[in-house]
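K.L.:
Please take these sequences and the hints and turn them into a complete structure.
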Amino acid sequence: MKITRRDIELAASDKGDVWTFGNNVLYRLCRDNPEHRRPEIVIAKVWLIGRSYAAAIERGRKQADSDNPTPNDVFYTEKVAPALISSDIDDRLNNLQQYDRINEQSISDTLTLHKYLVGIFNKLTGQRKRSLASKYLHFHRPNLFYIYDTRAVNGFRK
12 MKITRRDIEL AASDKGDVWT FGNNVLYRLC RDNPEHRRPE IVIAKVWLIG
62 RSYAAAIERG RKQADSDNPT PNDVFYTEKV APALISSDID DRLNNLQQYD
112 RINEQSISDT LTLHKYLVGI FNKLTGQRKR SLASKYLHFH RPNLFYIYDT
162 RAVNGFRK
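Taken in order, the sequence shown gives residues 12 to 169; the numbers are from this note's numbering.
Possibly wrong hints are sitting among the right ones.
List of simulated lysine-lysine pairs, PhoX-like, C-alpha gap at most 20 Å [unchecked claim]:
#, residue 1, residue 2
1, 134, 169
2, 126, 56
3, 169, 13
4, 134, 56
5, 56, 90
If you're looking for bench data, these hints aren't it; they were derived computationally from the structure.
P.N.:
In structure tokens form, the structure reads like this:
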């Protein structure tokens with residue numbers, strides 16, 4: 012399948028995209044609440060981005076106590092929020108403000124932050140949540156992080 016200039020122009024515009032409004036809600040959520048200090052904000056961002064993009068952090072997580080699994084709401088309040096609040100993700104995101112796009116100067120720092128967040132998610136879930144990390148970071152820094160998931164991989168293959 013050949014990609015045409017029209018395909019690119021349509022993809023770059025908001026015309027006919029029923030998902031733009033919802034995505035803008037997520038962009039606004041992260042733009043207006045960029046920091047990871049308050050549990051309710053951290054939970055809202057992880058929960059809404061993860062669920063909206065079929066990458067929920069609780070999905071497929073391994074239980075250390077499989078006989079007595081932690082309910083999802085407790086997982087978010089007692090594990091996810093504290094992990095991100097105690098991390099240095101804010102400093103790392105702030106360090107990226109010097110970049111306006113992905114290029115030779117920014118790629119190392121963006122990949123390092125992505126790996127860092129995947130590591131946090133791995134400690135929480137026992138899984139490498141690369142897709143969730145890319146989506147989460149995308150809504151915080153859309154010019155530096157692309158959404159990486161099965162749809163993107165399939166698009167690359169075409």
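K.L.:
For every hint, state whether the structure bears it out.
P.N.:
Comparing the hints with the structure gives:
| no. | hint | verdict |
| --- | --- | --- |
| 1 | 134 x 169 | 34 Å, violated |
| 2 | 126 x 56 | 19 Å, holds |
| 3 | 169 x 13 | 8 Å, holds |
| 4 | 134 x 56 | 19 Å, holds |
| 5 | 56 x 90 | 15 Å, holds |
Checked against the numbered hints above, the structure breaks only hint 1 and satisfies the rest.
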